[in-house]
Structure formats: C-alpha cells, structure tokens
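Asks: Here's the letter readout for the chains.
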Amino acid sequence: DAKTTQPTSMDCAEGRAANLPCNHSTISGNEYVYWYRQIHSQGPQYIIHGLKNNETNEMASLIITEDRKSSTLILPHATLRDTAVYYCIVRESGYSTLTFGKGTMLLVSP
Amino acid sequence: DTEVTQTPKHLVMGMTNKKSLKCEQHMGHRAMYWYKQKAKKPPELMFVYSYEKLSINESVPSRFSPECPNSSLLNLHLHALQPEDSALYLCASSQGGLPTGELFFGEGSRLTVL
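Protein chains in written order, with the numbering used here: chain A, 929 to 1038; chain B, 1084 to 1197.
Honestly, I wouldn't trust all of these hints.
Unchecked claim - Below are the DSSO-like pairs computed for lysine-lysine, each with C-alpha atoms no more than 27 Å apart in a straight line:
id, chain 1, residue 1, chain 2, residue 2
1, A, K980, A, K931
2, A, K1030, A, K997
3, A, K931, B, K1092
4, B, K1124, B, K1105
5, B, K1123, B, K1092
6, B, K1105, A, K931
7, A, K1030, B, K1121
8, B, K1123, B, K1102
9, B, K1124, B, K1102
10, B, K1092, B, K1102
11, B, K1121, B, K1092
12, A, K931, A, K997
13, B, K1102, A, K1030
14, B, K1123, A, K1030
15, A, K931, A, K1030
16, B, K1101, B, K1136
17, A, K980, A, K1030
18, B, K1136, B, K1123
19, B, K1124, A, K931
20, B, K1136, B, K1092
21, B, K1123, B, K1105
22, B, K1102, A, K997
23, B, K1124, B, K1092
24, A, K1030, B, K1101
Honestly, the hints are just simulated from the structure, not real lab data.
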C-alpha cells in the first residue's frame, strides 16, 4: 500500500469545521483513500472513502485533489465527541488488508 | 445488528496461563480479523480469516493461535505469553470473504500479561 503522511496533532474549536489533511503522493490508480477514526479506548470506526471524486456522508466530507496526491477530511461542525485519532489509509480496491499509519490526534475544545 | 462483540473486555494472565479471547458478529460477514494495538501506537494486523479459513498470518508467534469455528465466531487462543504481549486486541469483520471494503471493529480486549 502507498504510504500516507498526516500531521501528528491538530486542534479545533467546538462548532467549527475540522479540516484534516493527508498526503499520499505515491498513490496508484486503483487505490482508494479511506478514513477511520479511533476514539480513546474504543475500536477504530470507518468514516468515509473515495477514489477520485469528492464524497460526503452523514459523518464527513472527503475532498481529493485532482492529481490524487493529497486529500482532506472535513468534519463540518466538530463536537467534543469528535476528539479522536484520525487515520488516512490508501488501499487497493480488491484483496488488500487495512494498514494503519500513525494518524492525526484531533483535539476538539470548548 | 452492526456490532462486533469482544469478550472479555479486560484480561490479566500469567506467563504460564492459557486463555482465549472471543469475537462474535451477526452481520453475515465472511472475513474476520485480529489486530494488536500497543499503547499510543496504531493497530497492527495479526490474522485474517476468509470464509472460515486462515488466509493471512502476519508472522505472528505461535503462542497466539487463532480459530474460526464458524462464520460468526473468531477466537484467539493465548499460551505462554510474554509481558510485551500486553496490548489491546481488536477484532474486526468485513462483508464478503475478502479483506476489502469497510471493516467493523469491536471495542477490543485489553490484555495484561504479568
């Protein structure tokens, strides 16, 4: 799997948008971008994934650059419960295991 | 039911003990996984089962022995562990039989080896 680079930590004020960047400059054409998060003492939770187009679901939006070398996860109105480690993972569409990098620790403050 | 249930939540064992971790899902998923997570580190893949057969073993020591008795259950048998094996053990499942798509994780079993 291609490697990803994420900031170690980020802060966000409650109610504001949280924008979490991810660099994946060596991504190949058949690799998707996945985002998971892990709240303290819980198992990881799937958030969203995409290939080329921007994606949105009830949790977040995923913006992928046209050259696919980077992406941004957007939590539109962060709450205290969004405090977690966020993992950006690139992964083939077929037979491919999920390999976690170091992730970004997002701290949402009142 | 979109849950993956792991028991026990906490386990303390000695280096000579034999214990087991259990994982259960009723989503009809045919791929199941064990991950190990040390403190302040990302989860690391240990094993993958596809259609109840072991398909991936990430060079895990033999003191960890996985078992998939049926499509809903996954066990991890522990024997002669070392203190450095203390970690959070996470079970996950995914639809279909291949390690692809969205993974659903349990809350984990926190293991302490004395």
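Asks: State for each hint whether it applies.
Replies: Hints, one by one, checked against the model:
This hinted pair checks out: K980(A) and K931(A) have alpha carbons roughly 17 Å apart, not beyond 27 Å. The hinted pair formed by K1030(A) and K997(A) meets the criterion: a straight-line CA distance of about 18 Å does not exceed 27 Å. Among the hinted pairs, K931(A) with K1092(B) is inconsistent with the structure: their alpha-carbon atoms are about 32 Å apart, more than 27 Å. Taking the CA atoms of K1124(B) and K1105(B), the gap is about 23 Å. The hint holds against a cut of 27 Å.
For the suggested pair K1123(B) and K1092(B), the alpha carbons sit about 19 Å apart, so the restraint of at most 27 Å is met. At roughly 32 Å between alpha-carbon atoms, K1105(B) and K931(A) are farther apart than 27 Å, so this suggested pair is violated. For the suggested pair K1030(A) and K1121(B), the alpha carbons sit about 12 Å apart, so the restraint of at most 27 Å is met. Distance restraint check for K1123(B) and K1102(B): the Cα-Cα separation of roughly 25 Å lies within the 27 Å cut-off, and the hinted pair is therefore satisfied.
Distance hint between K1124(B) and K1102(B) is fulfilled; the C-alpha atoms sit about 24 Å from each other, no more than 27 Å. Note on K1092(B) and K1102(B): the hinted pairing holds, with a Cα-Cα distance of about 13 Å set against a maximum of 27 Å. At most 27 Å may separate the alpha-carbon atoms for a hinted pair to count; K1121(B) and K1092(B) meet this at roughly 16 Å. For the given pair, K931(A) sits about 11 Å from K997(A) by alpha-carbon distance, which is consistent with the 27 Å threshold.
Restraint check for K1102(B) and K1030(A): not satisfied, since their Cα atoms lie roughly 30 Å apart, outside the 27 Å limit. With a C-alpha separation of about 9 Å, the suggested pairing of K1123(B) with K1030(A) holds against the 27 Å cut-off. With a C-alpha separation of about 11 Å, the suggested pairing of K931(A) with K1030(A) holds against the 27 Å cut-off. For the hint linking K1101(B) to K1136(B), the alpha-carbon distance of about 23 Å falls within 27 Å, and the restraint holds.
Proposed proximity of K980(A) and K1030(A) is supported: the alpha carbons are some 24 Å apart, at most 27 Å. Between K1136(B) and K1123(B) the CA atoms are separated by roughly 31 Å; this puts the pair beyond 27 Å, and the hint is violated. Proposed proximity of K1124(B) and K931(A) is supported: the alpha carbons are some 16 Å apart, at most 27 Å. Distance check on the hinted pair: K1136(B) and K1092(B) sit about 25 Å apart at the alpha-carbon level, within 27 Å; holds.
With a C-alpha separation of about 24 Å, the suggested pair K1123(B) and K1105(B) falls inside the 27 Å cut-off, and the hint holds. A threshold of 27 Å between alpha carbons decides the hint, and for K1102(B) with K997(A) the separation of about 45 Å lies outside it, so the pair is violated. This hinted pair checks out: K1124(B) and K1092(B) have alpha carbons roughly 19 Å apart, not beyond 27 Å. The straight-line distance between the Cα atoms of K1030(A) and K1101(B) is roughly 32 Å, outside the 27 Å bound, and the hint therefore fails.
Consistency note: the structure conflicts with the earlier hints numbered 3, 6, 13, 18, 22 and 24.
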